[in-house]
Amino acid sequence: MIAQSFKYESPGTLAEAISMLNKYGEDAKVLSGGHSLIPMMKLRFANPEWLIDINGIPGLAYIKEEGGIMKIGALNREADIEHSDLLKKQFPIFGDVTKQIADPQVRNRGTIGGNLAHGDAANDHPAVMLALRATVIATGSNGERSIPIDEFFFGFYMTALQHGEILTEIQIPIPPARTGSAYHKLERKVGDYATAGVAVQLTLDKNGICKAAGIGLTNVNATPLRASRSETALIGKPITDETITEAAKYASEDCSPSSDLRGSEEYKRAMVAVLVKRMIHKAVERISG
Amino acid sequence: MEITVTVNSGQHTLDVEPRTLLVHMIRENLNLTGTHIGCDTTNCGACTILLDGKSVKSCTILAVQANGKSVSTIEGVISAEGQLHPLQEGFKENHGLHCGFCTPGMIMRSIELLENNPNPTEDEIRWGISGNLCRCTGYNNIVKAIEYASAKMRGVEPASTEPQFV
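In order, the protein sequences belong to chains H and A. With this note's numbering applied, the first sequence corresponds to residues 1 to 289, in that order. With this note's numbering applied, the second sequence corresponds to residues 1001 to 1166, in that order.
So that you can see chain H by itself, here it is in the shape it has in the complex (with noise of 0.2 Å):
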């Protein structure tokens, strides 16, 4: 399968990127890893008239520490986030959900940034990033704007990102100590998308009252969604068989997923409540461990 013709730029600055995007305007699609893009323009489902191919503007590929804010440039590969262990270290959730991220070739390619700027909800960092409560960081011409995760996802690939505007860094606040966290999702095969997932991060106190807890799932909406009613029910309380029981049935009624071939709706909604449950246990698990 061939794409539709396009015209195609590789700009070697940011700044040189944002103007081409400018310039073109909506018929411009900004080219990063292109394991999402590509398909869908093989399958004429997106036909840009534009392709912008960040991969050669140099920068945006670090993973960094800095003023309890660790940051990531949107151009790292899913490799690189595989194999990072300060990331790793801090968010074990980080292995989890990258080796469940297509299979290696493709994490060889695919880009954190593209993950997210996307917006599909069966892409599997978006629920992450609502557990660990990330802000995105889009450059456009009139510099960078910060967005908090809650307010990236509008709908079907659809995000907060502008027009001219480049994803170019997700930041994540460091958690205190005694913070876990752990990704699943259920799939048929390697590289397929998910049949439910689910993301969770908790804190505990030294008595183990839940502080704080972010939960975020995987295609069972058109959004990705924050399990808001289940984190509540978790704040302030032990975790206890009672407390995950109650926060696990809250995020089976508050998703709404769509019955197709990876199964029914109720079959899913089964799926996240058992995927929460193992989740905010392995995410317990660690902070003991």
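These are calculated hints, taken from the structure and not from any lab test. The model shown is predicted, which means the values in this text are computed figures rather than measured ones. Keep in mind that a hint or two might mislead.
Said to hold, decoys possible - Example chain A residues on the side facing chain H (calculated, C-beta under 8 Å, incomplete):
no.	residue
1	Asn1008
2	His1012
3	Thr1013
4	Glu1017
5	Leu1021
6	Thr1042
7	Asn1043
8	Val1056
9	Lys1057
10	Thr1060
11	Lys1069
12	Arg1109
By construction, the Cβ of each residue, glycine as well, lies at the ideal position given by its N, Cα and C atoms.
Chain H is fixed; fit chain A onto it per the hints.
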């Protein structure tokens, strides 16, 4: 659009349309048909090549994106003296191929796998080739072939090459 790509240590300057996929450039412009197109949807891994040393699926990369970069395909794996690469030898000795369609992709992927992890466990090998499908389902002997190459490359005597029937 004019691009310059190094393929298996030879430099080529080519005129390609931006929409030309890297796999088409390799197969049609350079006539290197060892790189196969299986699914054409980033699933099967038959089109796996190395781009600047990283294993990638060439059906999901534009030829123009390889401009200035180095591409390695199965044709470049054999040594200049005609000596098989340990992986090629491993596949041959261990019945690692049935129809052979997936083999070039399996080998190109395994080159990077063994580079990152010279002595992988069976689980790590299976995980490492999880982006490559063999529809003859000959995975057991593919895993043995990679274990054979790993041993050879570490200077260890490879295990028996008797075929495995499971």
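Checked hints:
For Asn1008 of chain A, the shortest C-beta to C-beta distance to chain H is roughly 19 Å, which exceeds 8 Å, and the interface hint is violated. Interface hint at His1012 of chain A: violated, since its Cβ lies 18 Å from the closest Cβ of chain H, which is beyond the 8 Å cut-off. Violation of the interface hint for Thr1013 of chain A is found here, the shortest Cβ-Cβ separation to chain H being roughly 17 Å, above the 8 Å cut-off. Of the supplied interface hints, the one on Glu1017 of chain A holds, with its beta-carbon coming within about 7 Å of a beta-carbon of chain H, less than 8 Å.
A least Cβ separation of about 7 Å between Leu1021 of chain A and chain H falls short of the 8 Å threshold, and the interface hint therefore holds. Taking 8 Å as the C-beta contact cut-off toward chain H, the hint placing Thr1042 of chain A at the interface holds, the least distance being around 6 Å. This hint holds: Asn1043 of chain A has a C-beta 6 Å from the nearest C-beta of chain H, less than the 8 Å allowed. Interface restraint check: Val1056 of chain A against chain H, minimum CB-CB distance 5 Å, threshold 8 Å, status holds.
The restraint placing Lys1057 of chain A at the interface with chain H holds, with a minimum CB-CB distance near 5 Å, inside the 8 Å limit. Satisfaction of the interface hint for Thr1060 of chain A is found here, the shortest Cβ-Cβ separation to chain H being roughly 5 Å, below the 8 Å cut-off. Of the supplied interface hints, the one on Lys1069 of chain A is violated, with its beta-carbon coming no nearer than about 10 Å to a beta-carbon of chain H, more than 8 Å. The interface hint given for Arg1109 of chain A holds, since its Cβ lies 7 Å from the closest Cβ of chain H, which is under the 8 Å cut-off.
Going through the hint list in order, the structure does not satisfy hints 1, 2, 3 and 11.
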